[in-house]
Amino acid sequence: MLSQEETDRSYEVKLGKIISLTSKPMHYCAGCEHGTLTKLVANAIDTLNLRERAVIVDSVGCSVFAHEYIDVDAIQAPHGRAPAIMSGLKRLRPDLIPFSIQGDGDAVSIGLLELVYAANRGEPITVFLVNNAIYGMTGGQMAPTTPEGMVTTTSPQGRDTKYTGPPLDASKLISNLEKPAYVKRVLLPIVPLPRSKGVYSARGVIEGQKAVENAFKAQLMGGFSLVEFISTCSINWKLQILESKRYASEVLAKVFPPGLYKDRFGLEKRQ
Amino acid sequence: MISKDFIRGNEAIAYGALKAGLNGYFAYPITPSSEIPETLAKEFGNQSYPEFKAFLQSASELEAINMVIGGASTGAKVMTATSGPGFSLKQEGISYAAGMELPLLIVNVNRSGPGLGNLGPEQSDYFQATKGGGHGGYRNIVLAPNSVQEMASFPGLAFSLAFKYRNPVVILADAFLGELKEDIVFPEVSQQKFETPWATTGARGDKRHLVLSLNLEFEDQNNHLEHLQKKYADIDKFEQRAESYLVDDAKVVLVAYGIASRICKEVVNRLRLLGIKVGLFRPITLSPFPNEEIGYLSQGQRKFLVVELNMGQMIYDVKLAVRDSHTVDSMNRFGGILPKSSEIVREVMLLHA
Numbered sequence: 024m025l026s027q028e029e030t031d032r033s034y035e036v037k038l039g040k041i042i043s044l045t046s047k048p049m050h051y052c053a054g055c056e057h058g059t060l061t062k063l064v065a066n067a068i069d070t071l072n073l074r075e076r077a078v079i080v081d082s083v084g085c086s087v088f089a090h091e092y093i094d095v096d097a098i099q100a101p102h103g104r105a106p107a108i109m110s111g112l113k114r115l116r117p118d119l120i121p122f123s124i125q126g127d128g129d130a131v132s133i134g135l136l137e138l139v140y141a142a143n144r145g146e147p148i149t150v151f152l153v154n155n156a157i158y159g160m161t162g163g164q165m166a167p168t169t170p171e172g173m174v175t176t177t178s179p180q181g182r183d184t185k186y187t188g189p190p191l192d193a194s195k196l197i198s199n200l201e202k203p204a205y206v207k208r209v210l211l212p213i214v215p216l217p218r219s220k221g222v223y224s225a226r227g228v229i230e231g232q233k234a235v236e237n238a239f240k241a242q243l244m245g246g247f248s249l250v251e252f253i254s255t256c257s258i259n260w261k262l263q264i265l266e267s268k269r270y271a272s273e274v275l276a277k278v279f280p281p282g283l284y285k286d287r288f289g290l291e292k293r294q
Numbered sequence: 003m004i005s006k007d008f009i010r011g012n013e014a015i016a017y018g019a020l021k022a023g024l025n026g027y028f029a030y031p032i033t034p035s036s037e038i039p040e041t042l043a044k045e046f047g048n049q050s051y052p053e054f055k056a057f058l059q060s061a062s063e064l065e066a067i068n069m070v071i072g073g074a075s076t077g078a079k080v081m082t083a084t085s086g087p088g089f090s091l092k093q094e095g096i097s098y099a100a101g102m103e104l105p106l107l108i109v110n111v112n113r114s115g116p117g118l119g120n121l122g123p124e125q126s127d128y129f130q131a132t133k134g135g136g137h138g139g140y141r142n143i144v145l146a147p148n149s150v151q152e153m154a155s156f157p158g159l160a161f162s163l164a165f166k167y168r169n170p171v172v173i174l175a176d177a178f179l180g181e182l183k184e185d186i187v188f189p190e191v192s193q194q195k196f197e198t199p200w201a202t203t204g205a206r207g208d209k210r211h212l213v214l215s216l217n218l219e220f221e222d223q224n225n226h227l228e229h230l231q232k233k234y235a236d237i238d239k240f241e242q243r244a245e246s247y248l249v250d251d252a253k254v255v256l257v258a259y260g261i262a263s264r265i266c267k268e269v270v271n272r273l274r275l276l277g278i279k280v281g282l283f284r285p286i287t288l289s290p291f292p293n294e295e296i297g298y299l300s301q302g303q304r305k306f307l308v309v310e311l312n313m314g315q316m317i318y319d320v321k322l323a324v325r326d327s328h329t330v331d332s333m334n335r336f337g338g339i340l341p342k343s344s345e346i347v348r349e350v351m352l353l354h355a
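Chains as they are written, first to last, in the numbering used here: chain A, 24 to 294; chain B, 3 to 355.
Among these hints, one or two may not hold up.
[As the list claims (entries may be wrong)] Straight line, CA to CA, 20 Å or less: simulated EDC-like cross-link-like pairs of lysine to aspartate or glutamate: (1) A:Lys-47 with B:Asp-222; (2) B:Lys-209 with A:Asp-118; (3) A:Lys-40 with B:Asp-222; (4) B:Lys-209 with A:Glu-91; (5) A:Lys-202 with A:Asp-286; (6) B:Lys-209 with A:Asp-69; (7) A:Lys-47 with B:Glu-268.
In short, the hints are calculated from the structure, not lab data.
Taking the hints into account, I'd like the entire structure generated from these sequences.
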């Protein structure tokens with residue numbers, strides 16, 4: 024028998040109101056996937072009933088205000104350090120559910136050590152990595168994930184990987200470690216369907232929702248989880264929004280192939 | 003029950019923290035502080051310390067201080083220990099903790115610098131510990147033990163100050179004190195529980211807990227800094243601690259903290275036997291600097307000799323605190339070398355003449 028509060032909550036979820044989402048308008052640019060991910064995460068927190076245990080650890084970059092939209096406890100990490108903060112928090116309070124939303128500059132460049140070691144220890148924490156192949160908030164500089172040839176403000180001739188080294192693949196790197204439980208890469212933007220002009224698939228959103236829930240489930244089962252979302256940054260890519268969706272699916276998805284990289288608990292088989 | 007122990011300074015810090023109810027320790031090894039994590043690793047899981055729930059060796063100093071931030075955000079008593087080079091790396095996290103107003107304890111067993119320097123005792127991290135150290139304007143509370151006994155009792159004091167003011171606290175020791183073995187008696191600490199209504203322990207209804215340091219609106223940041231400024235003023239007003247030894251009739255007052263103050267006390271005792279009026283003023287809190295007491299002392303016709311294991315850092319605080327900065331002289335030893343008491347005696351005699 025559900026309590027009145029639980030009944031209300033279940034209706035609100037069914038009717039589309041996400042309890043763990045604040046009513047504050049998001050600051051993200053038009054066409055950016057950060058807003059989509061924010062909703063997916065808040066929705067998963069509702070679905071798994073984690074609101075009173077979840078702690079979001081903001082990163083430095085576009086997700087630095089994520090706590091203003093996701094209505095749970097929050098800590099603001101120094102640039103790249105979210106996995107270390109989550110590790111310390113989880114060791115002291117194993118009942119809490121810490122998770123971060125980090126960009127590729129934050130997690131794969133300045134915070135790579137923190138990410139790798141938290142994953143290597145198998146800390147029961149969750150990292151949502153938004154990979155848009157560029158530094159967004161600082162205005163479009165080259166990121167560790169910038170693909171060959173992409174023009175950024177610090178690679179104005181296009182990235183020359185002979186000079187800078189190739190883009191770093193975080194999902195591949197982390198999934199090669201022994202302890203992580205769940206590593207998945209999702210192409211989050213809508214994707215233009217071939218031979219159907221003007222028709223797009225939002226499959227990434229559905230997959231993303233499942234991946235976010237699985238990532239939390241992996242943590243609840245005691246494992247480390249990472250979900251990387253291939254995303255767009257049309258403002259800094261200097262592309263029209265729909266062109267940037269095409270670029271994500273045609274270029275980025277080739278450099279960073281979406282897919283299930285690790286699933287030690289068989290979470291995807293259970294569904 | 004009172005237990006008497008003959009232990010090293012670094013071990014005393016570790017047991018002092020455990021007896022004060024330490025919940026978590028995260029650190030990266032570095033000489034000359036490594037006996038602290040070694041001692042705590044040995045005691046982790048010991049039923050005598052049921053509150054000690056987390057011990058983890060980190061992959062870097064940065065990881066360690068951020069683990070401390072994560073633990074402290076839950077309202078737990080968390081600490082780390084390091085030495086000079088590691089203390090530099092931790093400054094980023096300490097700045098964030100100051101901005102987020104987190105109570106945490108950092109032990110710096112000061113070795114010689116800059117750079118790798120060497121493993122001998124120095125007090126050259128005085129500026130870094132007392133003047134902020136990281137980016138932005140903030141103040142740590144800094145405690146300077148001068149005996150193994152104080153190494154054992156200061157973690158408890160540090161936690162009570164950290165939680166009272168929601169502020170990082172540094173215990174600034176040195177390589178000599180870390181290795182020094184002395185007889186001590188562990189203080190009877192009642193394991194204080196602190197109220198932490200701000201801690202990130204899960205949202206309840208409309209009430210959630212935010213541990214943040216970003217205020218994009220200038221007005222908001224201004225208000226936050228005014229709040230910090232008021233807090234630092236309160237700390238300055240209520241928490242100055244110092245020890246005065248035979249200063250009342252002294253013509254020359256030695257000013258020293260940590261291991262240097264032990265040598266200076268010996269000098270005072272020797273010179274007093276010869277009838278020379280010399281005393282010792284020992285800051286126990288380096289931040290807040292005990293300027294009231296030394297300011298009061300400077301009202302008489304006294305000269306001050308600041309003895310430090312660095313090129314002269316605390317001397318600036320002494321000069322600001324006394325009535326006439328021309329009455330302040332300094333004596334410095336560094337590179338891991340302690341001043342001989344005979345050298346200090348010679349300096350005092352020159353001033354006394």
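Status of each hint after checking the structure:
1. A:Lys-47 with B:Asp-222: Measuring from Cα to Cα gives roughly 18 Å; hence the hint holds.
2. B:Lys-209 with A:Asp-118: 18 Å, holds
3. A:Lys-40 with B:Asp-222: 31 Å, violated
4. B:Lys-209 with A:Glu-91: Measuring from Cα to Cα gives roughly 14 Å; hence the hint holds.
5. A:Lys-202 with A:Asp-286: 11 Å, holds
6. B:Lys-209 with A:Asp-69: 17 Å, holds
7. A:Lys-47 with B:Glu-268: Violated: A:Lys-47 and B:Glu-268 sit about 66 Å apart, past 20 Å.
Checked against the numbered hints above, the structure breaks hints 3, 7 and satisfies the rest.
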